[in-house]
Structures are given as C-alpha cells and as structure tokens.
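Residues per chain, in single letters:
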Amino acid sequence: MAVSQLTRNLRDGELLIKDGSGTPKSLTVLLDEGDLSWTERQKTIEVKDRGSISAGHLRKGDDESVQLSFTARWTQLIGKSANSADPLQLYETLTLASGSGVTSTSSAGQQETLTFEFTVVDPSGTASEKIVFSKVYRETLTMSEGDDANLIAFTGRSFATRPVVSRV
Amino acid sequence: MISLDHLIVTLQRHVASEIPEGVPLVLPGIVLDAEATAEWVEFSCEEISGIAQRDSPAERRELSVTLQVFVRASTHTARVQALAESARTILSGRLIDVIDRTQSDEPVIGAIRFREADVRDLTRIHAAQQRRPLRHVVITARGTVQAFV
Numbered sequence: 001m002a003v004s005q006l007t008r009n010l011r012d013g014e015l016l017i018k019d020g021s022g023t024p025k026s027l028t029v030l031l032d033e034g035d036l037s038w039t040e041r042q043k044t045i046e047v048k049d050r051g052s053i054s055a056g057h058l059r060k061g062d063d064e065s066v067q068l069s070f071t072a073r074w075t076q077l078i079g080k081s082a083n084s085a086d087p088l089q090l091y092e093t094l095t096l097a098s099g100s101g102v103t104s105t106s107s108a109g110q111q112e113t114l115t116f117e118f119t120v121v122d123p124s125g126t127a128s129e130k131i132v133f134s135k136v137y138r139e140t141l142t143m144s145e146g147d148d149a150n151l152i153a154f155t156g157r158s159f160a161t162r163p164v165v166s167r168v
Numbered sequence: 001m002i003s004l005d006h007l008i009v010t011l012q013r014h015v016a017s018e019i020p021e022g023v024p025l026v027l028p029g030i031v032l033d034a035e036a037t038a039e040w041v042e043f044s045c046e047e048i049s050g051i052a053q054r055d056s057p058a059e060r061r062e063l064s065v066t067l068q069v070f071v072r073a074s075t076h077t078a079r080v081q082a083l084a085e086s087a088r089t090i091l092s093g094r095l096i097d098v099i100d101r102t103q104s105d106e107p108v109i110g111a112i113r114f115r116e117a118d119v120r121d122l123t124r125i126h127a128a129q130q131r132r133p134l135r136h137v138v139i140t141a142r143g144t145v146q147a148f149v
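Residue numbers (this note's numbering), protein chains in the order written: chain A, 1 to 168; chain B, 1 to 149.
Just so you know, these hints were derived from the structure itself, not from any lab. It is possible that some hints are incorrect.
Claimed, not checked - Ranges of calculated distance between the beta carbons of each label pair, as one might list FRET restraints:
1) A:A153 - B:I51: 38 to 46 angstroms
2) B:F148 - A:Q111: 50 to 58 angstroms
3) B:M1 - A:V164: 53 to 61 angstroms
4) B:R94 - A:T103: 37 to 45 angstroms
5) B:I48 - A:R11: 52 to 60 angstroms
6) A:G101 - B:E21: 32 to 40 angstroms
7) A:T7 - B:R124: 26 to 34 angstroms
8) B:A36 - A:T7: 53 to 61 angstroms
9) A:R11 - B:R13: 27 to 35 angstroms
10) B:R94 - A:Q111: 43 to 51 angstroms
What the hints assert, rightly or not - Reference excerpt, derived from the structure (chain A facing chain B, CB under 8 angstroms, subset only):
11) G13
12) L16
13) T28
14) L30
15) G34
16) I45
17) D122
Every value quoted in this text rests on a predicted model; they were computed, and no experiment measured them. All C-beta atoms, glycine included, are put in the ideal place defined by N, C-alpha and C.
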C-alpha cells in the first residue's frame with residue numbers, strides 16, 4: 001500500500017512538454033513559476049418537472065475539455081528554429097515554430113496540439129504521480145515584461161474530459 | 001546549485017578587480033588600520049534569500065551586497081561621492097558570471113544580475129567636530145543569482 005500523508009506544493013512539480021514526432025521531442029519547462037493550474041468541468045442538464053426538482057431528473061451534458069494555464073520566466077524565445085544546434089526553447093515549442101522540428105500530436109488538417117506531462121514527486125518517495133494532458137491546444141500566449149523577469153503566460157485546453165493520472 | 005563559497009568568492013573577486021587603484025578593499029575578516037588610511041571600501045554580502053521555486057535545476061536566489069565607502073574629510077569635499085560613484089558602478093545593473101574555479105576548465109555555472117544600486121550618505125552630522133572627521137556613504141544593490149543547468 002503506497003499512501004502519502006504529505007501535501008504537495010510547487011516545489012514537487014515538473015512540467016514536460018512532448019510533441020508528436022515518432023521519437024517525441026520533449027522540453028522540460030525550466031524557470032516556470034510553479035503556478036500550473038487546470039480545471040475539469042462537468043456539464044449537467046437539469047430537467048425539472050413543471051419547475052419541480054423533486055420530480056425532475058438529471059442528464060449528462062456535453063463533454064467539457066480541461067482548461068489549463070501556467071507561467072514561466074522568459075529566457076530566449078527561439079533556439080532550434082534559429083540554429084539547429086541550439087536547444088529547444090519554450091516559446092518555439094508552444095507555437096510549433098517553423099524550423100524547430102516540433103510536430104503536432106494531432107493529425108494533419110486538425111488544430112495543432114501537444115502533450116503536457118506534469119509530474120508531482122512525493123517528498124517521502126512513496127506515491128509520486130504523473131498527470132498527462134493529451135491534445136493540448138493553445139488559446140493564448142502572453143509575453144510580458146517585468147522588473148524581476150519577463151514572463152510567458154500560457155492558457156489552453158486539453159481535448160479530453162480529464163487528464164490521465166498514474167503512479168510513478 | 002551554486003554553493004555559498006563560489007558565490008562569495010565570485011563577488012569578492014569582481015569587486016576587488018574593479019575597485020579604483022590604491023583604495024584598500026576590506027573584506028569580512030580582514031583587519032585594516034584605519035588610522036593610517038585616508039579612504040577605504042568595505043564589502044559585505046549580508047543576505048542570500050531563497051525564492052519559492054521548483055526543486056528542478058536552474059535554482060534562483062536573491063542576494064544583497066553592500067559596499068561601504070569611508071573617506072577622511074579633506075579639502076576635496078566631493079571625494080567620498082566620487083569614490084562612491086566608482087563603487088556604485090561596480091554593482092549597479094551589472095551581470096557577473098559565477099565561475100567554478102575549483103575545476104580545471106573553470107566553467108561558468110551561473111550568473112548574478114544586479115538591479116539598480118541604492119546610495120545613502122550616512123555621514124553623521126557631528127562628524128565635523130571629530131578629531132579626524134569621517135565621511136561615510138553606503139551603496140546597496142539587490143540582485144538575483146541563477147544557477148545554470
């Protein structure tokens with residue numbers, strides 16, 4: 001039995017972005033702010049009988065995709081797309097920039113997507129977990145300046161009702 | 001991760017290499033005979049703070065460095081400001097490579113990036129009545145040290 005009583009915090013997390021290549025290219029998001037957030041929604045249709053709940057019932061509504069977001073400190077925006085010898089950078093990976101070699105995890109003709117793997121390590125070493133978001137498409141990418149650091153803020157959706165959580 | 005000794009050695013070497021020629025630099029632990037010296041600069045790194053962050057590489061920390069400039073009063077009334085300006089430019093807005101000199105190839109293992117420095121004149125009002133009046137200006141700079149992966 002592997003159960004951990006320790007609460008996790010931002011220090012335990014690591015976000016990895018993978019693409020759809022045969023041998024997937026991956027990028028560990030370094031210098032991220034530790035503010036990864038995701039929301040799983042469930043739509044329900046309430047059917048009331050002449051306004052009455054007690055006589056009514058519920059039906060499942062449409063599936064809802066998972067909304068997620070994170071922020072990272074901005075080093076350079078492009079690497080491999082400028083020079084093939086340079087390592088991949090976050091911005092060119094998220095935008096699947098030309099020359100970066102990053103390919104979509106969805107078929108041709110569909111919206112470009114990536115896979116996000118978020119690993120949360122158990123500090124006691126018992127119950128570390130990997131949370132995989134598939135078919136993540138970008139909604140907004142906001143770059144902003146700051147006194148301490150310039151930031152890249154990502155918001156997007158995973159085209160699934162929930163991430164896949166597994167023990168590692 | 002950048003160890004404290006690499007960090008302090010880097011800072012001390014940087015300040016020592018840029019301090020004006022002939023001005024004594026007092027590092028923590030060094031005793032200076034102030035009676036025989038007309039001016040000197042004291043270095044201290046009094047705070048290295050942690051920042052909430054992931055446990056993964058590219059560790060970041062905040063630090064605060066202070067240079068204290070002491071000049072005996074003389075006919076050159078702005079000497080302390082002139083020396084303080086030299087000291088200010090050593091830190092203000094500077095980017096300093098942290099080098100691991102214990103390794104043969106001396107790799108760059110991180111960088112310290114300073115914000116704009118603050119300057120305060122702490123000369124005491126009654127200093128003019130002292131036997132050997134001392135002018136005292138303090139330069140403080142906060143920065144971020146980042147370890148490279």
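Item to check | Ascending list of hint numbers which this structure does not respect | outcome: Hints 1, 2, 3, 5, 6, 7, 12, 16 and 17 contradicted; others consistent.
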